[in-house]
Amino acid sequence: MTGVYLDNNATTRVDDAVVEAMLPLFTQHFGNASSMHAFGGAVGGLIEKARQQVQALLGAAHDTEIVFTASGTESDNTAILSALEAYPKKRTIITSVVEHPAVLSLCDYLENKRGITVHRIPVDSRGNLDIDAYKAALSPDVAIVSFMWANNETGTLFPIEELAKMAKAVGALFHTDAVQAVGKIPMRLADSSIDMLSLSGHKLHAPKGVGALYVKRGTRFRPMLRGGHQERSRRAGTENAPGIVGLGKAAELALQHMADENTRVRALRDKLERAILAAVPNCFVTGNPDLRLPNTANIAFEYIEGEAILLLLNENGIAASSGSACTSGSLEPSHVMRAMGVPYTAAHGATRFSLSRDTTEEEIDHVIAVVPGIIERLRALSPYWSKSGADAKGFAPVYS
Amino acid sequence: MWNYTDKVKEHFFNPKNAGALETANAVGEVGSITCGDALKLMMKVNPDTNVIEDARFQTFGCGSAIASSSALTEMIIGKTVDEALVITNRDIAEYLGGLPPEKMHCSVMGAEALRAAIANFKGEEWVDDHEEGELVCKCFGIDAAMIERAVTVNNLTTLEEVTNYTKAGGSCQTCHEKIEEVLEAVLAKQAAKPPEKSPLLPVADIKPAPTPAPKADAPVAAAPKMTNVQRMQAIMMAIEEIRPQLQRDGGDVELVDIDGKDIYVRLSGACTGCSQSASTMMGVQMKLVEKLGEFVRVKPASLLAKV
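Protein chains in written order, with my numbering: chain A, 1 to 400; chain B, 1 to 307.
Don't take each hint at face value.
Okay, derived cross-link-like pairs now, SDA-like style, lysine to any residue, Cα gap no bigger than 25 Å in a straight line [unchecked claim]:
1) A/K113 / B/E177
2) B/K9 / A/G373
3) B/K7 / A/A380
4) B/K138 / A/R120
5) A/K113 / B/S171
6) B/K178 / A/Y109
7) B/K79 / B/N14
8) A/K168 / A/Y87
9) B/K16 / A/G317
10) B/K9 / A/G317
11) B/K122 / B/S302
12) A/K208 / A/S71
13) B/K138 / A/T345
Quick list of the computed label-pair ranges, beta carbon to beta carbon [claimed, not checked]:
14) B/A20 / A/K208: 45 to 53 Å
15) A/K135 / B/A191: 56 to 64 Å
16) B/L187 / A/T360: 54 to 62 Å
17) B/P100 / A/N32: 55 to 63 Å
18) A/E111 / B/P100: 29 to 37 Å
19) A/T117 / B/Q245: 52 to 60 Å
20) A/S35 / B/K7: 50 to 58 Å
21) A/R226 / B/P101: 37 to 45 Å
22) B/S32 / A/H62: 53 to 61 Å
23) B/Q245 / A/G115: 50 to 58 Å
24) B/E184 / A/K208: 37 to 45 Å
25) B/A20 / A/R274: 26 to 34 Å
A short, non-exhaustive set of chain B residues, derived as facing chain A with CB atoms under 7 Å [to be verified]:
26) I33
27) Q58
28) T59
29) Y95
Don't read these hints as lab results, they were simulated from the structure.
None of the values given here were measured: they were computed from a predicted structure.
We treat Cβ as the ideally placed atom computed from N, Cα and C, and that holds for glycine.
Using the sequences and the hints given, assemble the complete structure.
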């Protein structure tokens, strides 16, 4: 075993078949898709094939509803800015407090610099959206509602279709940042009320630097990048043809592996959680245990700090992630943990294990064997652990 | 991933002197679980010799916080409390071969815990920085005094550096303007030149060293560099300014030697056994930094023999 990679919500290994599909685009099919010759035509055909592959993964009605972009962030920004421009009289956005910075930072900017009203809907202790607060915020002034489909830290899923229908009822566009959800759970956008959806290639075994925005046919749209006529004038700029072809292949593979993701990978994730909870006192799984991505386990360890956990995991060949302040250089713990009301005693020690179809049982067994010792070792150093003690009877985590 | 030095990794993966010290007679606790890092420093100090015979720590925090704590214990064991109290966060960071800029606050936590523990040993009720001055950063409970000290000791010049060293302003950011005000005030103090006829600098009695003619494009306001004699005079005058305050309390301080950035002084009278001697040393250092417009370290004369 060379290393156990359990940070797939950050990025995934590019699938060998994806690399194989991309390679000819660098040497053999190198033409510009916009050029009027055979070199360009061949690349154009490959891009259209990729569009159909992504369409199939999303269950979209038309391949022309797929707009290739450079990232999930670009897709998110495009969707929100497009809605504001397309409906200039509407000056309100609704989003949630647990969104990715790609949405939250843009909303902050729009609020501060353009005077847009932003409603940030809170979540409960499991990360579930406060539906009543959402209902109260809906009005004819809402240009766009933007909710993530799956949370990147906890994996908690929002009831997207229900939320989208409520947005449509007041005439608002509905966008979902589905970067973490695409490829992991089945989607059928053709039958949904979702107007726009963002996805990112590197979260589903395609390379970094390519993403897509689904725009339902009939949705009023304004491009963010203007210039050439690429992507039917909805996203100017020469296409990242190798990346797009890689994304197409990755989408095809994701569709094939979705059953594995929801059975074998889910079972491994559950095994990991059960074993750690059984072996380690004073820890708990964050997020909604019943409505979660199948690959994500976010476990909050009390009285120790996440970066120290990651360093010791890394020393044991295990890659994971943490919502602790120290890992990011931001000095506050994860905004998701704070929004869920996870106490500071645990928020700093929240550790995310995100699996993929590459993950094996042997790897999970290794993690299960190593984690309790790491936690014990760090708690032996912690002044708070010595005060509370491993035998802290009456310890009642917020989440049980 | 943070780019930690081998020394930081060594102290994180194999921390020295970790755990509770049952025989401790000096304990300093700083930080909080809310802030994301906390340190409990425990020392066993020989009451007859004031030598720190043992030191242990318990730390809640990241890799550099644990490494800084471990390093600190290694640095202070065998020293007297007076020798230890001049250790700054820079010394801890240097001992570790450096820390990433964003992690310098871990070394500051170590220095603060040391001050708290020494105060505890001396029977002083240690008032942490939050009560010394106006609270600036409410998120992390950082006050103006702590920012001033971090700026002075570490020669900080930007808001970002202040955040890296103290955490102040690292959360909601509403205090950024206030931090910049404190920063500007300290920098202004440091840059302030003594007035030409300042009683602190009897320049008339000092023969100025020849200075090269200024270039045509040289900034007009550039502060002239002191000669060695001028610098020594400035240090002596600053000490003289402090002495009356100490003498009123039955104590005193004398200048023993100057070695580059290190200024050796001897506390005497009531100051020698005073519970506030750590603060006194720090105060002398602050005064000298202010007067000289450069960073210097004030050390007890007892360290001189070991140089």
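Hints, verified against the model:
Under the criterion of a C-alpha separation no larger than 25 Å, the hint pairing A/K113 with B/E177 is consistent with the structure, at around 19 Å. Pair hint B/K9 plus A/G373 holds up; C-alpha atoms about 18 Å apart against a cutoff of 25 Å. For the suggested pair B/K7 and A/A380, the alpha carbons sit about 21 Å apart, so the restraint of at most 25 Å is met. Note on B/K138 and A/R120: the hinted pairing holds, with a Cα-Cα distance of about 23 Å set against a maximum of 25 Å.
Restraint check for A/K113 and B/S171: satisfied, since their Cα atoms lie roughly 21 Å apart, inside the 25 Å limit. Restraint check for B/K178 and A/Y109: satisfied, since their Cα atoms lie roughly 22 Å apart, inside the 25 Å limit. The hinted pair formed by B/K79 and B/N14 meets the criterion: a straight-line CA distance of about 23 Å does not exceed 25 Å. Taking the CA atoms of A/K168 and A/Y87, the gap is about 14 Å. The hint holds against a cut of 25 Å.
Simply put, B/K16 and A/G317 have alpha-carbon atoms about 24 Å apart, close enough for the 25 Å limit, and the pair holds. A threshold of 25 Å between alpha carbons decides the hint, and for B/K9 with A/G317 the separation of about 16 Å falls inside it, so the pair holds. In summary, the hint linking B/K122 to B/S302 is supported, as the alpha carbons are separated by about 19 Å, within the 25 Å threshold. For the hint linking A/K208 to A/S71, the alpha-carbon distance of about 8 Å falls within 25 Å, and the restraint holds.
Our distance criterion of 25 Å between C-alpha atoms is met by B/K138 and A/T345, whose separation comes to about 19 Å. B/A20 and A/K208 have their C-beta atoms about 47 Å apart, which keeps the hinted 45 to 53 Å range intact. Checking the proposed 56 to 64 Å range against A/K135 and B/A191 shows it holds: the Cβ atoms sit about 58 Å from each other. About 57 Å separates the C-beta atoms of B/L187 and A/T360, a value consistent with the hinted range of 54 to 62 Å.
Checked against the hint of 55 to 63 Å, the C-beta distance between B/P100 and A/N32 comes to roughly 43 Å, which is inconsistent with it. Distance hint check: the CB atoms of A/E111 and B/P100 are about 32 Å apart, consistent with the given range 29 to 37 Å. Between A/T117 and B/Q245 the Cβ separation comes to about 58 Å, which falls inside the hinted range of 52 to 60 Å. Distance hint check: the CB atoms of A/S35 and B/K7 are about 57 Å apart, consistent with the given range 50 to 58 Å.
Checked against the hint of 37 to 45 Å, the C-beta distance between A/R226 and B/P101 comes to roughly 39 Å, which is consistent with it. In this structure the hint that B/S32 and A/H62 lie 53 to 61 Å apart at CB holds, the actual value being about 56 Å. The given range of 50 to 58 Å is respected by B/Q245 and A/G115, whose C-beta atoms sit roughly 55 Å from each other. The supplied range of 37 to 45 Å is met by B/E184 and A/K208, whose beta-carbon atoms lie about 42 Å from each other.
About 33 Å separates the C-beta atoms of B/A20 and A/R274, a value consistent with the hinted range of 26 to 34 Å. Of the supplied interface hints, the one on B/I33 holds, with its beta-carbon coming within about 5 Å of a beta-carbon of chain A, less than 7 Å. The closest approach between the C-beta of B/Q58 and any C-beta of chain A is roughly 4 Å, which is under the 7 Å cut-off, so the hint is satisfied. The restraint placing B/T59 at the interface with chain A holds, with a minimum CB-CB distance near 6 Å, inside the 7 Å limit.
With 7 Å as the threshold, the beta carbon of B/Y95 stays out of range of chain A, its nearest partner Cβ sitting at about 19 Å, so the hint is violated.
Hint compliance for this structure: hints 17, 29 are not met, and every other hint is.
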